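Chemist: Next come the chains, spelled out residue by residue.
Protein chains: 4
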Amino acid sequence: MILFDHDDDKPREECGVFGIYGNPEASLYAALGLHALQHRGQEACGITTYDGKRFPSERHMGLVGEHFGGDLRTRLPGYAAIGHNRYSTQGRPMLRNIQPIFADLSFGGFAVAHNGNLTNARELRHQLVRDGAIFQSTMDTEVILHLVARSPKPRFMDRLVDALQQIEGGYALVGLTGKKLIGARDPIGLRPLVIGKLGTAYVLASETCALDIIGAQFVREVENGEMVVITDEGIESIRAFPPRASSPCIFEYVYFARPDSIVQGRSIYEVRRRMGHQLAAETPADADVIVPVPDSGVPAALGFSEASGIPFGMGIIRNHYVGRTFIQPTQIGRQAAISKKHSPNRAVLEGKRVILVDDSIVRGNTSKKIVQMVREAGAKEVHLRSASPPIVNPDFYGIDMAAKSELFAAIHTHEEMVAELKVDSLGFLSVPGLYKAIGEPVRNNMQPQFADHCFTGDYPTPLVDHQHDESDKERQLSLLDDT
Amino acid sequence: MILFDHDDDKPREECGVFGIYGNPEASLYAALGLHALQHRGQEACGITTYDGKRFPSERHMGLVGEHFGGDLRTRLPGYAAIGHNRYSTQGRPMLRNIQPIFADLSFGGFAVAHNGNLTNARELRHQLVRDGAIFQSTMDTEVILHLVARSPKPRFMDRLVDALQQIEGGYALVGLTGKKLIGARDPIGLRPLVIGKLGTAYVLASETCALDIIGAQFVREVENGEMVVITDEGIESIRAFPPRASSPCIFEYVYFARPDSIVQGRSIYEVRRRMGHQLAAETPADADVIVPVPDSGVPAALGFSEASGIPFGMGIIRNHYVGRTFIQPTQIGRQAAISKKHSPNRAVLEGKRVILVDDSIVRGNTSKKIVQMVREAGAKEVHLRSASPPIVNPDFYGIDMAAKSELFAAIHTHEEMVAELKVDSLGFLSVPGLYKAIGEPVRNNMQPQFADHCFTGDYPTPLVDHQHDESDKERQLSLLDDT
Amino acid sequence: MILFDHDDDKPREECGVFGIYGNPEASLYAALGLHALQHRGQEACGITTYDGKRFPSERHMGLVGEHFGGDLRTRLPGYAAIGHNRYSTQGRPMLRNIQPIFADLSFGGFAVAHNGNLTNARELRHQLVRDGAIFQSTMDTEVILHLVARSPKPRFMDRLVDALQQIEGGYALVGLTGKKLIGARDPIGLRPLVIGKLGTAYVLASETCALDIIGAQFVREVENGEMVVITDEGIESIRAFPPRASSPCIFEYVYFARPDSIVQGRSIYEVRRRMGHQLAAETPADADVIVPVPDSGVPAALGFSEASGIPFGMGIIRNHYVGRTFIQPTQIGRQAAISKKHSPNRAVLEGKRVILVDDSIVRGNTSKKIVQMVREAGAKEVHLRSASPPIVNPDFYGIDMAAKSELFAAIHTHEEMVAELKVDSLGFLSVPGLYKAIGEPVRNNMQPQFADHCFTGDYPTPLVDHQHDESDKERQLSLLDDT
Amino acid sequence: MILFDHDDDKPREECGVFGIYGNPEASLYAALGLHALQHRGQEACGITTYDGKRFPSERHMGLVGEHFGGDLRTRLPGYAAIGHNRYSTQGRPMLRNIQPIFADLSFGGFAVAHNGNLTNARELRHQLVRDGAIFQSTMDTEVILHLVARSPKPRFMDRLVDALQQIEGGYALVGLTGKKLIGARDPIGLRPLVIGKLGTAYVLASETCALDIIGAQFVREVENGEMVVITDEGIESIRAFPPRASSPCIFEYVYFARPDSIVQGRSIYEVRRRMGHQLAAETPADADVIVPVPDSGVPAALGFSEASGIPFGMGIIRNHYVGRTFIQPTQIGRQAAISKKHSPNRAVLEGKRVILVDDSIVRGNTSKKIVQMVREAGAKEVHLRSASPPIVNPDFYGIDMAAKSELFAAIHTHEEMVAELKVDSLGFLSVPGLYKAIGEPVRNNMQPQFADHCFTGDYPTPLVDHQHDESDKERQLSLLDDT
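Protein chains in written order, with UniProt numbering: chain A, 1 to 483; chain B, 1 to 483; chain C, 1 to 483; chain D, 1 to 483.
Keep in mind the hints are simulated off the structure, nothing from the lab. These numbers were taken from a predicted model, which means no experiment stands behind them. There's no promise every hint is true.
Stated by the list, open to error - No farther apart than 25 Å at their CA atoms in a straight line, the calculated lysine-lysine pairs in the DSS-like style are these:
1) B:Lys197 <-> D:Lys341
2) D:Lys341 <-> B:Lys340
3) D:Lys340 <-> B:Lys341
4) C:Lys369 <-> A:Lys197
5) C:Lys197 <-> A:Lys341
Chain A on its own, in the form it takes in the complex (with noise of 0.2 Å):
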């Protein structure tokens, strides 16, 4: 198996999901949808049928290209289905954890797949396990399970609501039952999840390209704290939370989500763009060059180059053949300039004058390497340019992204961030800047449109967990074997 490293140096999100209902290739369609939605997690992906009496589930380490395979109309039949692709944001990888999660309920089987975390998942399960709860993963999931488990609603969708109203955080989130497909976003609806048509079925997916994929029709987005019901009588919609604002995640627009995606009616391509037309205006350089960092960084150099006149070049090559257990350059003695991913094309690089464009500085280690591998390669000057603004903020929503105190932005001065990266300038674009890109003229600072907490401070919901101390996150907690 090859894992995909992801980049060391990115944001990182929890998951992909799909549902589909009403089809009698479920599962195939599925497949090819997880397969669109790859880029929000490679180490691990999982799908579950229901075949009309029983839920039969593959879980696997690694990408769904490589196990979805063959014949899966007989491995996973059925006329519905959900899937999930995962990135771990705690721990070593284990088949445990591994999402969908079942479980055969007093009113028959349910399973469930979700995007995002709970704020509030450790109190609920210390709770839960005092009242005798037996827990089998350290998913936050299996959280939700227990509470429909425990409510004392008679109906099914009762208890779904029961347990989401006891639930904080942001999540997207996937359920199927016997009779029902189930979505679900958070009441500020950060995690994204839309609504397709694929002839008579419907289908659930994070994003659009995963209808794209498959053929199907984009309908909408699920809105924000609704779920929506499909069974064979069609699509309801059920809103169980106080209406509030939306405040979808802004990261899906600066990194997670595909280029090729449309979210909130916006192409993502565009936005970066926009964001690259943006950041030129506001972080102008005089130089020979564009050279994104590939694969992200692409769409906002394209834009850098067409608003600023400078030609761009692939300065950057990425190999994208990597293996998660390769061995590291700095085994050999060398560090910075070279790298595994990404390989200097001096031709591009030589004797120039370059603006670097990359899609966010996280933690700098990577920008660092870049920049040194960029002047190793005869640039003469680099100016580094990122499409967001600075970040300063952890997240606590499913974004595993280090620690404040590991936030490159959070720790240094703009003068040690220029004298830290070894660059000739340094530009961030703004906040305002941001919003412009996307298509909101200002942020509304009372209520912003995004949840923006990164570059802002502005957290849209309370953080239960966050006073706790999380030195016992390593503790068993399931009856499993963890090989």
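Since chain A is already given, all that's left is putting chains B, C and D on it; use the hints.
Modeler: Frame of chain A; chains B, C and D shown alone:
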């Protein structure tokens, strides 16, 4: 992995258990002990230790000797360990159904392994699921775990007593917490459990042969209805049930226990030899050679030979190198007279009047094949003798033995059996003869000394689940993949 | 293991090679070098070192980064190493066909890896088998080994020269004995091989990008018909062939080499950009956006955009997470317009007149699918441009490209191609334009500077095996299992 | 995979072979036949068939029953098959050293498997390598293949004769071409090979038990120095060697052959029983019980009991579930008196004067442990009896038995042995007694009827390789990875 096929036609029991407390090499001893108990279950094995902080655990399909080699002290550190060998009573083998199982309960971790079957497990399970419990396996053992988790009692031992008082059936269990090793035997002592001592450490095991292999001294058997609690302070006995007469399973003498084990002070080998003496007296025949069905029929055949004066000969050779996936002789059009496990030794059989001695006859299939094989090898006469009485009733306490409708002696008259088996004569040990061989002059019919219901129909406990429909047995009960 | 699918419709070459002599971490450098050459072959990889006594070796199916991690210094110790990445040209992947291959010959061990194909391999092989040679693989490389083993010459280098003088075809090989690292290039230099220096150690590699990743300095290319012998004494050059003009494969410029490599002093990236310039001049079209078929079409598309002034846009997104066993979209009834690898970026394409730029068109299948995909995403017009001339002849020197009867441009007129591809216009770079982009003002038609037979039919060497029947290709040639 | 440990202290032979010609289910029969021969080698197994065009082949580490299940007719189709079980005589197990081995020679394919060792293999191998042969394994068998490949004779059978005339040693081989199944036995018939008939198909096998399992009729043994050639026309006998007296290995009677096999018309079981009779007569002792070391000592112990009138008892229980990687009892500080394989049956041993009967004593280690184990179980006296004479010379024909300096009886006087083993008395069967038990009234000292050099020092053939240094044994001899 080689999975040892159990003899198709033998009763199977569900397990061997082992526990040790107070030795820094607990897992090494557990591995050796389980190896000595391998005859009680070859499908899967597991060991859980307590290392002062966590409960390291390994569970595997296959034999102890295939998995528990090498650096056990590193893999499974700790001063205390419990372990388990399993024979699956139903369904296909699944990793999630391997014991010990573990839960992190509100008062700390609790690992448990058990041998036996609960007769009210399904009833309890349904109730627990109705109350919101989420099961991760289909094992009875998990019911006990949930009962402990949900007990309202504040102290762990009280919770465990509370749980055990709710279950019915035959069991021997070993449990491990951060402070205690616990052994418990059901109220009538159906399943065996012995106590040993190795230096200052205490040991629990299904049979004495597991004490012998590690050089531990036999102390005594755990009594029926007794719980023993081993801590740093020593051993303590708890009696949570009203006193009852003990009624251990008579099949330990007939087939389950290893010949070198001592059960209730009696050598299994000697008991079986005496069964042979008794059998020779009850069902004599004029013959040239006494041939055992190896390996389990050997001691009784030796006894038969001693008592009858007819020479003993290894007329059937057993091939121990059998893998589960191997081709079937039937694939090439040959049927009864060849076998992957048994080969006729023509030199012993040809032209001879043969008395074949087996320990028991369950469904009759293997007996038929062996008789035919012996005839094809040239035996002039074949007289089949079973060193136990006719099996006419199924077991519900953890022995997997076929339904009543499949029990050869339950559905045929003596004449039909002789005809079907194509033997010249057929003889079974009588129930009084069996008791006598064990060392009990007479069976106490009001209160039989052993659970002998398979021979007599006297079930020692009520059978709660038994009235229920078996049809939902295959229902998926867990959040976990089957693979 | 994830096996990377090569683009179905691209020429494939058979390998990357690497060698290093004189560094205690030879295997670590070999692994990094092969990683940089991974684009030349992703099916299998191998490294052999010499540790002063033995030739430790590891060969694996899959990527370098999947297998060569961890403790390489222990697994593959030694001051010298050779390595190989493979693309299989035929048949299913087999472990026994992975290079380097090794033989213990009368004078000592000899390991060899090579890139290329021998055009008289079958002839030689038949002769060798007639003379009693036993082959263990189906690789051409083994022919060389047998020729060396059987040479009557007493000294190793004379034997190797003897062997090379008998073979025909295009190759670059690296060889390792207990005392020497050898590099050799065929008489016309079809396959590439460069020399580098890392401190006092010498390095051989298919491309300069493998020198860059380890920080080695480029020294020069091995010349056509040259053998270089590297020992503790330094480097020596041997010329065993009569002088000939060099004729390297032109596909290195078009497709094979990585954009950051330097071939014959020319930046591959710049050459491809100039192909784009030339293509824009030769086959202009009125359009709104230039869209590359990623990744290989990007430099030419950037060049086209620069020359034409039409904006560049990432209208197709490439998914790099593709596993070989993955389900096919056709399994669910959708055909051309979806793909596991390419997704349309509707925001760039919708309502636009699009010029699609690819590096080449081989069988046309992928092009058809991409054109349809682009149309379904809303493009108003699609103008397809190939940055290389029409491919009308097959290769026999190690490029796996389909038979003539499958070459799209060989079996269709221009009009047919336009109709089949359903494009609004179609343009190919001309042969003179290609030469110009590479930096040669004119093609020397009497003695072409490059092996361009796929475009022109001018094969640079005789094709011995080609007249033979291919039907016995599948004959089992080895003592080894296929599994 | 479970790898069965051979008894540390037993001679090991290198193989079982099987061949069948003329049945559409050849591979199924080969699998069953090899299963019956599993006692001759448990490390690896392989089957090669001929399907009319190719030679499908599978070779695996481990038991026949682990690998050759399921769809054998599809995996290994064909009317003819050969197969092999291996015990490695040296070095670590390697996949490339598993037989059958195959070569595509100038006249077509040839697969071969053999049991035995060539005494001039290294000499021949060095000569072949000097002449340019490339070896891929370290097996003697490959020498034969190269000799056939290089023979100047035009016809295959002449080449094979040519090859066999060059080799020295003891062997039984089976070979398969597109037209023939060949069996050959060395000039003195050291290694066994029998002919059977199954319908119209011919069968070759190391022992008759492999005929029995498939229901084939025994025809006769292949004679010493004979080659049999089986084709569609029937069976033909070729005698390529000058006539010599036969001298089969006496260890087939002592240890190798399965008790139900018939060798030279004699039942192995009966021969061993008579060894017990003879042993009782030669080395009587006053005792209470005769205890065999199971399983191989059982027949002789039964014979001893019959002859002496002392009762037979299973005082040692054998555990068959032993995996190779299992922990060693010594890891936990216990040494001689415990064992993974043998357990004392205290009820038989305690307070008794015990005569322990084993088939042979090689290095003495196991005997020491068993004696100590029996004593610790309470035996009052232990009298050890070996059913074969003292082993005082090593073997060089394929039995792996330790060097002379490790042979217990070769380096100790009788008194030393008694002291080291800590027995009350020690007895060995005499050489005349062994001959008598086999059925030969006297040993022909000028021309012994059996190869009994391990007991007598009379080696039946010259030992070419033996004078050579063993130090280069570990030299890498193959192009193939060890992994």
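Chemist: Taking the hints in turn, state whether each one holds.
Modeler: Hints, one by one, checked against the model:
1. B:Lys197 <-> D:Lys341: It holds: about 23 Å lies between the C-alpha atoms, which stays within 25 Å.
2. D:Lys341 <-> B:Lys340: Measuring from Cα to Cα gives roughly 22 Å; hence the hint holds.
3. D:Lys340 <-> B:Lys341: holds, 22 Å
4. C:Lys369 <-> A:Lys197: holds, 23 Å
5. C:Lys197 <-> A:Lys341: Distance ~23 Å between Lys197 (chain C) and Lys341 (chain A) Cα, so the pair holds.
In this structure, every one of the numbered hints holds.
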